[in-house]
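> Protein chains in written order, with the numbering used here: chain A, 7 to 250; chain B, 7 to 250; chain C, 7 to 250; chain D, 7 to 250.
Keep in mind the hints are simulated off the structure, nothing from the lab.
Honestly, I wouldn't trust all of these hints.
[Claimed, not checked] Which residues of chain C face chain A? A partial, calculated answer using Cβ under 7 angstroms:
id, residue
1, Val54
2, Leu58
3, Glu62
4, Trp129
5, Trp139
6, Pro143
7, Val178
8, Asn180
9, Gly184
10, Val240
Quick caveat: nothing in here was measured; it's all calculated off a predicted structure.
Ideal Cβ positions, reconstructed from N, Cα and C, are used throughout, including at glycine.
Here is what each chain is made of, one letter per residue.
4 protein chains.
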Amino acid sequence: MTDAPRITVWNENVHERHEAPIAAIYPDGIHGAIAEGLRASLPDATVVTATLEQPEHGLTDARLAETDVLFWWGHGAHDEVDEAIVERVAEHVLSGMGLVVLHSGHFSRIFIRLMGTTCSLRWRDDGDREVLWNVAPGHPITAGVPDPLVLGEHETYGEFFDVPPPDDLVFVSNFSGGEVFRSGLTYRRGRGRIFYFSPGDQKYPIYHRADIRRVLANAAVWAQPQSPRELPTVSHRPREWFTG
Amino acid sequence: MTDAPRITVWNENVHERHEAPIAAIYPDGIHGAIAEGLRASLPDATVVTATLEQPEHGLTDARLAETDVLFWWGHGAHDEVDEAIVERVAEHVLSGMGLVVLHSGHFSRIFIRLMGTTCSLRWRDDGDREVLWNVAPGHPITAGVPDPLVLGEHETYGEFFDVPPPDDLVFVSNFSGGEVFRSGLTYRRGRGRIFYFSPGDQKYPIYHRADIRRVLANAAVWAQPQSPRELPTVSHRPREWFTG
Amino acid sequence: MTDAPRITVWNENVHERHEAPIAAIYPDGIHGAIAEGLRASLPDATVVTATLEQPEHGLTDARLAETDVLFWWGHGAHDEVDEAIVERVAEHVLSGMGLVVLHSGHFSRIFIRLMGTTCSLRWRDDGDREVLWNVAPGHPITAGVPDPLVLGEHETYGEFFDVPPPDDLVFVSNFSGGEVFRSGLTYRRGRGRIFYFSPGDQKYPIYHRADIRRVLANAAVWAQPQSPRELPTVSHRPREWFTG
Amino acid sequence: MTDAPRITVWNENVHERHEAPIAAIYPDGIHGAIAEGLRASLPDATVVTATLEQPEHGLTDARLAETDVLFWWGHGAHDEVDEAIVERVAEHVLSGMGLVVLHSGHFSRIFIRLMGTTCSLRWRDDGDREVLWNVAPGHPITAGVPDPLVLGEHETYGEFFDVPPPDDLVFVSNFSGGEVFRSGLTYRRGRGRIFYFSPGDQKYPIYHRADIRRVLANAAVWAQPQSPRELPTVSHRPREWFTG
Numbered sequence: 007m008t009d010a011p012r013i014t015v016w017n018e019n020v021h022e023r024h025e026a027p028i029a030a031i032y033p034d035g036i037h038g039a040i041a042e043g044l045r046a047s048l049p050d051a052t053v054v055t056a057t058l059e060q061p062e063h064g065l066t067d068a069r070l071a072e073t074d075v076l077f078w079w080g081h082g083a084h085d086e087v088d089e090a091i092v093e094r095v096a097e098h099v100l101s102g103m104g105l106v107v108l109h110s111g112h113f114s115r116i117f118i119r120l121m122g123t124t125c126s127l128r129w130r131d132d133g134d135r136e137v138l139w140n141v142a143p144g145h146p147i148t149a150g151v152p153d154p155l156v157l158g159e160h161e162t163y164g165e166f167f168d169v170p171p172p173d174d175l176v177f178v179s180n181f182s183g184g185e186v187f188r189s190g191l192t193y194r195r196g197r198g199r200i201f202y203f204s205p206g207d208q209k210y211p212i213y214h215r216a217d218i219r220r221v222l223a224n225a226a227v228w229a230q231p232q233s234p235r236e237l238p239t240v241s242h243r244p245r246e247w248f249t250g
Numbered sequence: 007m008t009d010a011p012r013i014t015v016w017n018e019n020v021h022e023r024h025e026a027p028i029a030a031i032y033p034d035g036i037h038g039a040i041a042e043g044l045r046a047s048l049p050d051a052t053v054v055t056a057t058l059e060q061p062e063h064g065l066t067d068a069r070l071a072e073t074d075v076l077f078w079w080g081h082g083a084h085d086e087v088d089e090a091i092v093e094r095v096a097e098h099v100l101s102g103m104g105l106v107v108l109h110s111g112h113f114s115r116i117f118i119r120l121m122g123t124t125c126s127l128r129w130r131d132d133g134d135r136e137v138l139w140n141v142a143p144g145h146p147i148t149a150g151v152p153d154p155l156v157l158g159e160h161e162t163y164g165e166f167f168d169v170p171p172p173d174d175l176v177f178v179s180n181f182s183g184g185e186v187f188r189s190g191l192t193y194r195r196g197r198g199r200i201f202y203f204s205p206g207d208q209k210y211p212i213y214h215r216a217d218i219r220r221v222l223a224n225a226a227v228w229a230q231p232q233s234p235r236e237l238p239t240v241s242h243r244p245r246e247w248f249t250g
Numbered sequence: 007m008t009d010a011p012r013i014t015v016w017n018e019n020v021h022e023r024h025e026a027p028i029a030a031i032y033p034d035g036i037h038g039a040i041a042e043g044l045r046a047s048l049p050d051a052t053v054v055t056a057t058l059e060q061p062e063h064g065l066t067d068a069r070l071a072e073t074d075v076l077f078w079w080g081h082g083a084h085d086e087v088d089e090a091i092v093e094r095v096a097e098h099v100l101s102g103m104g105l106v107v108l109h110s111g112h113f114s115r116i117f118i119r120l121m122g123t124t125c126s127l128r129w130r131d132d133g134d135r136e137v138l139w140n141v142a143p144g145h146p147i148t149a150g151v152p153d154p155l156v157l158g159e160h161e162t163y164g165e166f167f168d169v170p171p172p173d174d175l176v177f178v179s180n181f182s183g184g185e186v187f188r189s190g191l192t193y194r195r196g197r198g199r200i201f202y203f204s205p206g207d208q209k210y211p212i213y214h215r216a217d218i219r220r221v222l223a224n225a226a227v228w229a230q231p232q233s234p235r236e237l238p239t240v241s242h243r244p245r246e247w248f249t250g
Numbered sequence: 007m008t009d010a011p012r013i014t015v016w017n018e019n020v021h022e023r024h025e026a027p028i029a030a031i032y033p034d035g036i037h038g039a040i041a042e043g044l045r046a047s048l049p050d051a052t053v054v055t056a057t058l059e060q061p062e063h064g065l066t067d068a069r070l071a072e073t074d075v076l077f078w079w080g081h082g083a084h085d086e087v088d089e090a091i092v093e094r095v096a097e098h099v100l101s102g103m104g105l106v107v108l109h110s111g112h113f114s115r116i117f118i119r120l121m122g123t124t125c126s127l128r129w130r131d132d133g134d135r136e137v138l139w140n141v142a143p144g145h146p147i148t149a150g151v152p153d154p155l156v157l158g159e160h161e162t163y164g165e166f167f168d169v170p171p172p173d174d175l176v177f178v179s180n181f182s183g184g185e186v187f188r189s190g191l192t193y194r195r196g197r198g199r200i201f202y203f204s205p206g207d208q209k210y211p212i213y214h215r216a217d218i219r220r221v222l223a224n225a226a227v228w229a230q231p232q233s234p235r236e237l238p239t240v241s242h243r244p245r246e247w248f249t250g
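Here chain A stands alone, though its shape is the one from the complex (with noise of 0.2 angstroms):
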């Protein structure tokens, strides 16, 4: 495990083209800032983003060969993702690519089609305060994060959230109008690990933020592979495997 992971930062990049209130909290993008964040806390990562509009969404087999971890924000244009390349994107999971999914990224084809249930939850956005507490201290995306993590004003997510039981729980949410929500979770699928992580609606500067930086960098670490990438596949294998 190095501190240099090759990012590649998936936005679907509509609100901030279409939206003035979000373009000002995100001049280059939610892409950008979540961008400048990885590479001012891990100076010897490779970060480069990708969003919807580019051709194959910029996510073309030859991008995501050379991508250890792939960051994903998407809101409005789920269904706007070609199926092949989700399929394409799933694919390399398996094969051992991280995946970092953010917010109401739960939503996103390339999560479904991973966790395999509907992924839905409760919400509201009245402003509530969220804060995330540590409910794994010993993990390394914790590293450094202060504990708990006040968020502040953001969007409420609430619990039933529709997703297999995680390898580890990571944080847990609190929100002032009486929701809990497990806003940190991990997964082993294939030879992939995923990390999903509920702050960073496009309305508030979530992503600006030094603490929510350092969780991002942390699960970039966490997340690369750890052996060589290989898609699990259907084996037969002779009588004298090991004797012959």
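Fit chains B, C and D to the given chain A structure using the hints.
Just chains B, C and D now, with coordinates in the frame of chain A:
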């Protein structure tokens, strides 16, 4: 939880109709043998069968709505199962219907859909001896099951079995040629319970055995819905949801 | 699994005898209120009580051998529980007896003995509102339980709760002051099942509530042994164990 | 996470001093062979050893405070390990120190203390062939390890192994006589990481093998603390903890 689940046993029913040796082992079909065992073990249960060649593969919405637990056996005809029906079954599972996937059903569309992984594995068919060990002795699926369960001659399945880490690892198999296999696995997905159980290759009279029938009956009781069925869906909730 | 478990409700029974306000809430003791609720919910169950001041704390080997599920409430007198009896209870749990640990029982000797961690947590008692959310909607312990379960005024418990990652995370609580707490947790240890459930501070009439009684009754049914009780012990087995 | 953990290898060091055949296999002790392998694999690590016969078994508070990862090999002398030192080691683990427990260390006081179960298993010693399979191919402990790892002749351990369900099941072993064993298991307890790895009976030259040394080096890197060490302790927090 009752001992009277309503069970549908689904089988592609191909081997038995086209290969005389298989028909000799299972004159009433694999589904017939499984259903017979369930009826004998659970006298209060309602057990019906459904097969690939029936309209809608016998899995109409009405049928699934009246099914507490669906058993699934398939092998050579996975690709002939209609995607729309796979999605229908998936919705019933996520709503709370139990699902028991058997043997080569690891490569069925419904299992891959719900797991999100390749579900691939290693295999040989050399008549090795398989022995199943109970690694979760307090689990209800193992009640009354001999430990170990010496299956004798059977097809060999080997790791790596590319499925998500299970909620409960129940059985692990030893094969005389050197392989191991996680042969009994439980999953919670949405509101539904899933059990994968690997014994049951068509060339061996597995489903006539009393010990295997005990496992399947236990699985049927375990997998049935615990509460009213309902697909998890995204929900918006007003600000004053419990204080108003 | 039946609806007729044999239950012993254990309570240190100290607050009720020495503090008038607690005695007013629980005139028959906390154990009395819990037992009453279990009898009402499970008419076929056998429910008895045991308390600290009895010989052997009421937990003789004979009593435990006839107990399918032991409930445990303790707070100020954890240190007065004899270590030999703690070890006796632990052996029964590892042999298959169910255990339901309540509220401040997180610091009981039996819970620490079985968890292996400090079982420490954060707390305040400011009359915050507690709301429990069901994060495992298909789990039998949640059947018939309102979601959310709005507890209202209660003592505040907060993370980090130093327990092993649970097999199933069932409930998560929100407190109006900002904390979250994993308030319903299941564990399998040896052949036994353990459920920790955090509501139940002595100053609040928690155990008179119908929703809480539903949880406790579900837990009793869930935690009872699934097979004959037997302590896992090391065993030497001869070379020809199944071929001889 | 770095490649320079400070490691202490602890060994009861009894077989090697009293049995000539064991001394012939491990002239520098089992601890010496393990330490030699760690030094070769992790040139930047600091590796020291400690043994039972030393004052405080070589595990003073100062020594543990300077240990990132403690390896533990014991067999016949478990009962000679002082309870106070067991408790001291447990506190360091719960505070964040890594622990790697080897082979018959499954019955060490420290492992039982941290697991809470009997840690019993089945065994034979007939020179069966052991083969370890990687069931978590993306896990850092498996990086660079052959799959399968064909151990050849070794003592047989068999299920049921009475430990809590692990966080990650990493390796499963096949024995030629028919047993299986969960031979590589990870646990998070408090802030610390624990890895149990079953190969290593004193009669076989296991710890001289390159593949086994790779596993142990990976485990050392994986188990080291991710953040400052601190024992989780109960904490009272005032009402206005983040609004004041």
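> Could you work out which of the previously given hints the structure breaks and list their numbers from low to high?
1, 2, 3, 4, 10
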